[in-house]
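J.: Sequence:
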Amino acid sequence: MSPRSKQPPEEQARKILVEASPLAAKLLLEALQEEDTPRSARLDCAKEVLNRVYGRSQQLLPPREEHRLEVVLEEEAEKDAK
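Quick note: the sequence shown uses the numbering used here, first residue 2, plus one each step.
Read the hints as simulated data drawn from the structure, not as lab findings.
Each residue gets a CB set at the ideal place from its N, CA and C atoms; glycine is no exception.
Heads up, some of the hints might be wrong.
Now the in silico label distances, taken between C-beta atoms and shown as ranges [as the list claims (entries may be wrong)]: (1) K16 to E36: 32 to 38 Å; (2) E76 to R53: 20 to 26 Å; (3) E31 to E67: 22 to 28 Å; (4) L51 to Q13: 26 to 32 Å; (5) A21 to E76: 26 to 32 Å; (6) D37 to P10: 35 to 41 Å; (7) P39 to I17: 28 to 34 Å.
Full structure from sequences and hints, please.
T.: Right under this line is the structure:
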(Lines of atoms letter the chains of each structure in order from A; the text may use other names.)
(Lines give C-alpha, C1' and ligand atoms only; values in the text may rest on other atoms or scores of the structure.)
Protein backbone atom coordinates (compact mmCIF):
# COMPACT_ATOMS: atom_id res chain seq x y z
CA MET A 2 0.00 0.00 0.00
CA SER A 3 1.49 3.33 -1.02
CA PRO A 4 1.55 6.28 1.41
CA ARG A 5 -0.82 8.21 -0.90
CA SER A 6 -3.48 5.51 -0.84
CA LYS A 7 -6.17 6.05 1.78
CA GLN A 8 -7.67 2.58 1.47
CA PRO A 9 -6.25 -0.81 0.54
CA PRO A 10 -7.06 -1.91 -3.03
CA GLU A 11 -9.48 -4.55 -1.73
CA GLU A 12 -11.50 -1.89 0.09
CA GLN A 13 -11.47 0.37 -2.97
CA ALA A 14 -12.77 -2.50 -5.12
CA ARG A 15 -15.42 -3.37 -2.53
CA LYS A 16 -16.64 0.24 -2.46
CA ILE A 17 -16.96 0.28 -6.25
CA LEU A 18 -18.92 -2.99 -6.23
CA VAL A 19 -21.22 -1.85 -3.42
CA GLU A 20 -21.98 1.34 -5.33
CA ALA A 21 -22.77 -0.71 -8.47
CA SER A 22 -25.01 -3.21 -6.67
CA PRO A 23 -28.31 -1.29 -7.13
CA LEU A 24 -27.69 -1.17 -10.88
CA ALA A 25 -26.82 -4.87 -10.90
CA ALA A 26 -30.02 -5.70 -8.99
CA LYS A 27 -32.06 -3.59 -11.41
CA LEU A 28 -30.46 -5.37 -14.37
CA LEU A 29 -31.27 -8.76 -12.84
CA LEU A 30 -34.89 -7.70 -12.37
CA GLU A 31 -35.14 -6.37 -15.93
CA ALA A 32 -33.72 -9.60 -17.37
CA LEU A 33 -36.08 -11.61 -15.17
CA GLN A 34 -39.12 -9.68 -16.42
CA GLU A 35 -38.13 -9.45 -20.10
CA GLU A 36 -40.03 -12.04 -22.11
CA ASP A 37 -37.37 -12.03 -24.84
CA THR A 38 -34.74 -13.20 -22.33
CA PRO A 39 -34.22 -16.96 -22.70
CA ARG A 40 -36.04 -18.94 -20.02
CA SER A 41 -32.79 -20.43 -18.72
CA ALA A 42 -31.33 -16.93 -18.21
CA ARG A 43 -34.54 -15.78 -16.49
CA LEU A 44 -34.33 -18.77 -14.15
CA ASP A 45 -30.69 -17.95 -13.38
CA CYS A 46 -31.68 -14.35 -12.58
CA ALA A 47 -34.51 -15.54 -10.32
CA LYS A 48 -32.17 -17.92 -8.48
CA GLU A 49 -29.57 -15.19 -8.00
CA VAL A 50 -32.14 -12.75 -6.63
CA LEU A 51 -33.50 -15.34 -4.19
CA ASN A 52 -30.00 -16.44 -3.16
CA ARG A 53 -28.96 -12.85 -2.45
CA VAL A 54 -32.07 -12.17 -0.38
CA TYR A 55 -32.42 -15.47 1.51
CA GLY A 56 -29.00 -17.11 1.09
CA ARG A 57 -28.27 -20.39 -0.61
CA SER A 58 -30.48 -22.90 1.10
CA GLN A 59 -29.14 -26.30 2.08
CA GLN A 60 -32.55 -27.56 3.12
CA LEU A 61 -35.22 -29.01 0.85
CA LEU A 62 -38.20 -27.68 2.80
CA PRO A 63 -39.16 -24.00 2.87
CA PRO A 64 -38.38 -22.02 6.03
CA ARG A 65 -41.07 -21.94 8.71
CA GLU A 66 -41.39 -18.18 8.76
CA GLU A 67 -42.76 -16.20 5.86
CA HIS A 68 -40.58 -13.70 4.03
CA ARG A 69 -41.65 -10.81 1.90
CA LEU A 70 -39.53 -9.52 -0.95
CA GLU A 71 -40.20 -5.99 -2.12
CA VAL A 72 -38.21 -4.39 -4.91
CA VAL A 73 -38.48 -0.63 -5.34
CA LEU A 74 -36.96 0.78 -8.48
CA GLU A 75 -35.20 4.11 -8.26
CA GLU A 76 -37.82 5.91 -10.38
CA GLU A 77 -40.67 4.60 -8.21
CA ALA A 78 -38.88 5.63 -5.03
CA GLU A 79 -38.43 9.14 -6.40
CA LYS A 80 -42.15 9.34 -7.28
CA ASP A 81 -43.10 8.22 -3.77
CA ALA A 82 -40.76 10.79 -2.22
CA LYS A 83 -42.52 13.71 -3.94
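J.: Please go over all the hints and tell whether each is borne out by the structure.
T.: Evaluated hints:
1. K16 to E36: 32 to 38 Å: 35 Å, holds
2. E76 to R53: 20 to 26 Å: 21 Å, holds
3. E31 to E67: 22 to 28 Å: Since E31 and E67 have Cβ atoms about 27 Å apart, the given range 22 to 28 Å holds.
4. L51 to Q13: 26 to 32 Å: 30 Å, holds
5. A21 to E76: 26 to 32 Å: 18 Å, violated
6. D37 to P10: 35 to 41 Å: 39 Å, holds
7. P39 to I17: 28 to 34 Å: Distance hint for P39, I17 holds at roughly 29 Å.
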